[in-house]
Amino acid sequence: MSSTRPPKRQGLYDPMHEHDACGVGFVVNMKGVKSHTIIEQGLQILANLTHRGACGCDPLTGDGAGILSQMPDAFLRKVCADLDITLPAPGEYGVGMVFLPERVDERNECLEMFEKIVREEGQRLLGWRRVPIDASKCGPLARESMPEIRQIFIARGRTTPDTAALERKLYVIRKRVESLVRESGLRDSESFYVPSLSSRTINYKGLLLPDQIPQFYKDLTDPDFTSALALVHQRFSTNTFPSWDRAHPYRYVAHNGEINTLRGNVNWMHARESMFASPLFGDDMEKLFPIIAPGGSDSAGFDNALELLVHTGRPLSHAVMMMIPEAWQRHEEMSAEKRAFYRYHACLTEAWDGPASIGFSDGTVIGAVLDRNGLRPSRYVVTKDGLVVMASEVGVLDIAPENVLAKGRLQPGRMFLVDLEQGRIIADEELKAAIASRQPYQQWLDESLIRLDDLPAVPATAPVYDEGERLTRQQAFGYTTEDLRFLMSPMALNGQEAVGSMGTDTPLAVLSNKPQLLFNYFKQLFAQVTNPPIDPIREELVMSLKATIGCEENLFDETAEHCRQLELEDPVIDDAALAKIKSLQRNKLKTVTIPMLYRVRDGGAGLEKALSVLCWEAEVAITNGASLLVLTDRAMDEENAPIPSLLATAAVHHQLIRSGNRTRCGLVIESGEPREVQHFALLVGYGAGAINPYLAIDTVRQLVKDGLLKSVEADDAVEHYLKAANKGILKVMTKMGISTIQSYRGAQIFEAIGLNRELVDGYFTGTASRIEGIGLDALAAESAQRHAHAYTIAPELDGDLDPGGQYQWRRRGEFHMYNPNSIAKLQHSVRAGSYKLFKQYSEIVNDESRNLATLRGLLKFRSSKSIPLDQVEPASEIVKRFKTGAMSLGSISREAHENLAIAMNRIGGKSNTGEGGEDPVRYERDANGDSRRSAIKQVASGRFGVTSHYLVNSDEIQIKMAQGAKPGEGGQLPGHKIDQYIAKIRYSTPGVGLISPPPHHDIYSIEDLSQLIHDLKNANNQARISVKLVAEVGVGTVAAGVAKAKADVVLISGHDGGTGASPLTSLKHAGIPWELGLAETQQVLVMNDLRGRIRVETDGQLKTGRDIAIAALLGAEEFGFASSALVASGCIMMRVCHLNTCPVGIATQDPVLRKKYEGKPEHVVNFMMFLAEELREIMAELGFRTVDAMVGRVDKLEARDAIEHWKARGLDLTEILHRPEVADNVAIHAVMTQDHGLAGALDNQLIATCQPAIEHKTPVEATFPIRNVNRTACTMLSAEISRRHGAAGLPPDTIKLNFNGSAGQSFGAFMAPGIAVTLEGDANDYFGKGISGGRIVVFPPKTATFVPEDNMIVGNVSLYGATGGEVFCRGQAGERFAVRNSGVTAVIEGVGDHGCEYMTKGMVIVLGKTGRNFAAGMSGGVAYVYDADADFAGHCNMSMVELDPMEERDFTTLKDLIHRHYEYTESRVAWRILSGWKDTARHFVKVMPVEYRKVLATAHLDSEAERLASV
Amino acid sequence: MGKITGFLEIPRELPTRRPVGERLKDWRELEGKLPEDKLQEQGARCMDCGIPFCHKGCPLGNIIPDWNDLVYRGRWKDAIDRLHSTNNFPEFTGRVCPAPCEEACVLRINDDPVTIKQIEKQIIDHAFKEGWIAPVPPSKRTGKRIAIVGSGPAGLAAAAQLNRAGHTVEVFERADRIGGLLMYGIPDFKLEKSIVDRRVAQMRDEGVLFHVNANVGVTHPVAELRERFDAIVLAGGATAARDLPIPGRELKGIHLAMDFLPQQNKKVAGDDVQDQILAGGKNVVILGGGDTGSDCLGTSNRQGAKSVHQFELLPKPPDGRTEEIAPWPNWPMILRSSSSHEEGVIRDWSINTKRFSGDAGGNVKKLHGIKLEWQKDETGRPKMVETPGSDFEIDCELVLLAMGFVGPEKPGMIEQLGVKLDARGNVEVAADYQTSVPGVFACGDMRRGQSLVVWAIWEGREAARGVDTYLMGETSLPASPEL
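Protein chains in written order, with my numbering: chain R, 59 to 1569; chain W, 86 to 568.
Hints listed in this document are in silico derivations from the structure and should not be mistaken for laboratory results.
Wrong hints could be hidden among the right ones.
With a straight-line cut-off of 20 Å between C-alpha atoms, the simulated EDC-like cross-links for lysine to aspartate or glutamate are [claimed, not checked]:
(1) W:229 with W:458
(2) R:883 with W:458
(3) W:162 with R:160
(4) W:202 with W:98
(5) R:1214 with W:196
(6) R:1214 with W:94
(7) R:883 with W:517
(8) W:401 with W:476
(9) R:195 with R:160
(10) R:918 with R:512
(11) R:1214 with W:197
(12) R:1213 with W:458
(13) R:640 with R:512
(14) R:1213 with W:408
(15) W:401 with W:458
(16) R:1214 with W:408
(17) W:225 with R:856
These numbers were taken from a predicted model, which means no experiment stands behind them.
Let's have the full structure, built from the sequences with the hints guiding it.
Below, the structure is given as structure tokens:
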């Protein structure tokens, strides 16, 4: 590292995109008894969470850790005495931890500034203390960037009345000093940081590993350093730039998770500042600005906002409830008061949305809260002697079982608070009930909040267009026949977005010759790795489109006026709703309509002028009391073209943010332009509160009238259309993991591609746009073209809509890289085996001069000293780097799938199973020596067929985080594609549809991914672990995180990859080209010195040797081909994969069509060899002998000069070609392998012990202690068994293992048949993940006195993707028990939310309560729930299941299993049920998937299914 | 599309041709039509491909999947609108086009292609029947005047487009009827002339002026046209026939096909034809295996020929498609048999005609030919070698030369204009179809050499864009760019 500070924005890297997540915990003595032990225990928790953190390139430098405690008055008094500082009484003084620049002059300046402000704020400086540290105890990298660390002591000034006032003054001082230093121009101003400045708490943190903290900060080892609480945090960041300040805790919180809506939250908070007024601060208010300190992380921003709410008068818990509300909108069981509270506060501020486990403390209370969907783990233990331990994992502190009072977990949206003054835990219900009744919120809502639906209807005033006028308008807004057919018709017909298949191969908007809508220049961002996308269908209960618009009030007050707003159920509204809004003329709800048009003749200048007039009109309207602004383009005509609606919206939004007026009004857009989901999502994302797509609505009506939409009435069609639009927005939000529209609004979850900086900075402030591009002039030119089409071309010449050609190739339409010429040539060449024909094909594809379709088309090779072709490594070596894409058996036919595998095995490349599992017969070679085994086994969110046996038969295991065609989304394999064969391999039922969830339910954050990598490495230590990401802004930092999580390969997929089925919105508008993602990845990995330890792969429309050469030069060493490999096999881009009608037998399971498959392995082999040959030619030309030598050599690329294209000429590719300046010894391609740390695994002992069983099937029994740091137990052992004995494993109970203690995460993951395990203690998350056989029994320690069935025994996401085996747990499980279960039989005594989600097979018996949303997406298997209180129905998601009456054989099955549960665990619940069977049996409820039952009921039952149903 | 599994459920079906015995007795078209419900079913076979190769295979770029679907859904009016958006004269192509679209149809990979041509024909016939094909005069006139020379498919297409763009268009045709090859090249049994007339009538009603018997360069000096018009479009076709300069060529009874065929068309139209060349009762030999040859064949049989032989110089093409020479979706050079071949003929290939011999009256009596073997020379080009001892002779009283055309006729208009020619003797144009003489454009066979009607229409449309741009600085006429 050349710098001691994180690098500035450079190339494609922007520090803004850093993410972190981690382990968090606290320990507190409930009675407030201070002791040094608490500090020690806090540090012990940290040490036991070490594996949740990460190390970068320097193994001794972690990502940061810290501890927040109460003020250790006695200790400070002692050390201050030595410094001649006399401390006043506790509460009369504050202490600041201060990080200062290393350089003495700069440091002194900071000290002076600090002191000056203390004086100005009327407080008394007592003195400074150098915090004693041992710099030798931190890592070398940390040392390089280590600040000078001091404490400042400040006494209460005379004018400051009390401790609370002092606390506020300290806050003012800190904010002022921060601003002053930031703007000081000091070279090293970024080193200045104040971890805490308070009279109540103190914060020791730094770029340290947990065990380094007490060694580094000697203070913490002093026995006089006491506290009743300790909040600790261990960080895992996505990059390794040394950053002392980004360690947690912050002043109030330690956060595990990610705030997805940060950009919007910051903007809104900034916009609100002008309305802030608090008597507690008076004139000091402005000193606090900006409230959200620039350059901070999401957690820092959250902390900034939280402290503001606390200092301005709200209790900490109240403030937390405002920022992380529960999912109240659809929570029927929630109390009316609480709902009113949340509904009221939604008018004040939007939620900070994202996965979060937040520990918080102000020194008096300490608590924790979980996000609305429970996406982070939070386990707690309460002891009989008054200790409360809360942490991301259980078992972080050794607590004697007999001392345990209760074990629990934090539930979604719930809060857990320990009040040290009251000396007790205040439960969520009590706490929130108290807060919710502080004000008459319901009454205020009744008085002030207006529901749109409640407003009286207003007579329609909107004009009805005749055919000519409609066509003119459609043309002016660039409607195409495809818009009508492919996008709008399905929406209007089915209320759902249209689905398509294969990828997108059209040019980026900025490279297109066709006029493009501004919407097309934006790409949706999506969650991958650092936070999970959400399933908007199955987990609808946490989602909401309900929002309010109108004028906000001062955030620090609470009055009835605060909720005088308009509440909308959905953002996309019909004409009647708009008419109501337009007619509003009440106090605080007054609508003003402003036209958004410009004189088309005046071009870009006219557009710019019109925008400033528009913004000015908005300001004037607000000044005159408007609280709702309707921007409309209804009045367009021959002279005036509509301003692109997105441009108008964003321009007004950002203008109002800048002027401080934004929160005084809501924006409503009345436009003919928006018509598809991407449009609506963008408008909301840039500030619109409601949208009326009047022309789209009118068009839908006309489609019905014309008979083009059959079997639907016009009104219903409109309703369906709006429903689809609104649901579509929800889907786009959930890709980013955002649950509520109020948080999504203005959150700008998009990246611009091809817009210049001026345009973006001016109107889309804060949006990433990294390759420059067009400005207002080109936008105006595009509008003018559409306008001319509408108004100046005679209808007899062109009386029709533009054909479009985006979704299907059309001669007059958009250019496609896959077109009749390129496909025909490729197929001819591989069939004829003619390299000459292949060259003709690649010339067509590479013909960039005519068709600028891709960014790589804009690049060329720099002329270099060439070498003879024969000096270049042979094609047979190069093809070993080639892979075919992940296409599941199921999405494509068996013939096509095996064809690819055979071909790749012949040449030593790798084929990929896709996510559908693999038939074990393919692990054996064919008679002719061919192998049909896929070298790469994919592990995707559905986990279909992922067994121990599957995993050991791989050379590479690929974790699919996202897919280019639909990043952030799950998938669905329709029932008609699932025949007997597919069902067998996927462990499901023929004819029953399968759902892949959007997230991996064991990856909600980076440390979870690290855990899964660890699990898979355990499952097959000979396979490389690969992580597949999709390119988007910030993917480089995610890749760095992936490298730190110890992946061996990271794949950067382009946005344009193929798919069997994807909503068209995603196919077209999510993700970015691999060129950008790959270049960013290379740059960030090199900057972090991580590149050397991970291999980088890329894919996405790679078609020629030239494409590969550019990918290699940009940083890839391996290359994937999917669509092109299929084309070589006969695919002709029908784009009907989702319909099962592929006429060439590839993407179909129809036996008639499969017979038509004509692809041969030679075709694919020829293709791969031709590619390699062509690559060799380029290598020779560039002078490279090996591919390794060319990886990352961007210096061999340059932008093509003289690009004449009217839009593309504004592009600037410098940032793609940026090469970070690093030391010579920093690798730019992979040179070493990862250390997966398996050497210390418990399984090594297990394997040694079980050797007789593995070798000779001799029974073995043994006992081991286990702790939370022993992760993934039994998995390596299972791999040994599967390797040796195949899928069948060992005979039952051959190996018996007994464990005592708290097991680490992924206990029993991918366990093989033949192992029987007991665990006396408890287990963490991912218990029994992917279990493929055997039996696990868990019960509490025999000495424990707590009631097992009321307490937690296993963590979240247990049994995820299980395919077999049995599990008995005496106690409760967390969220998502048995998610995606496809085979395990489990008995449990209570589960959290989302139990049995997506389950497809197997059986689950719950002998107690379930959380909400049980059986969501459950398509197979059966669950029995003991519903003694008869309230289960309310907790069950009935969209796919029904509650069936119990039959005799159900009772038999149940009784038997419960009996065994009793035998294994001594469960008292089981005993009670069995002993009172006559009474108890009737309380059981049978949860049966509807589709599954239908299939079982059909006559031709497959025997396997029959057996299962009757188990 | 409408029916996603249509192609799996419905077999390809075409209307049956009238029986040979019946049809040889008249000059009417041979093919009927499918009942509309049957045709809609055929439309449902279209798979609505992501890449409709048919749409590329069609020279005009007809948006075939769209109108297949519209027919399936019974939206005939929309179907003809969509069809007309790329093709001015679907009634011509629907009858005489060899349908390269069907060869490129994705179903053709492993199944029978969609009956695209039949659907096209019935869409336009339906539209005429419903009276939808009404004149659409331009909403405003530009005041520019354009002369179009030649009224074949290229000239007509250019005229139709330019007239709709608001220009004043006059068409000059040297024959006595409008239509060029459509009128006098193609026999009635393939394209009844009322079909041509009704389209010409529509154009006339839209404001196009037609001049017949107007031989530009002869009856109408080129200078006069240059004077009167702002632009001239040459669409005179490639009418110079390839002759056979061998001994005996001068004998009576040996005629160029284009001397033979028009006479019959005139006859069918009711004209008196003096000294008509007739095949009745004669042994006929047709030299040339192309479309013109088969037109001669159908005409000869209808005139009552005693026997008909058809000889082709080139070897017999393969019966079906092979991966090596004619992989999908390319147009395959395979053996094609027209309806006329069903009506009686002896075909042979690799035949070289050496000479003719006649009787004392100078009438042809025999053809002397020899069999050929096609080999490759050192550069890989095909070379013909006579098979020793394979010479033969055959009786004939009528010989029709249908061996293709060598380009436009040069004397007269072309020479007077002085436009530059390309290496093959066709009129050379720039990308905008403008010849070396400013303001003079060329299209169709005159520019391209002998080709299909469908190409001629495309050329006429594209040239119209060039003319419009030349006159107005920009054009709104639709394009269908070649990929």
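message = Checking each numbered hint in turn, tell me which of them this model violates, lowest number first.
response = 1, 2, 3, 7, 10, 12
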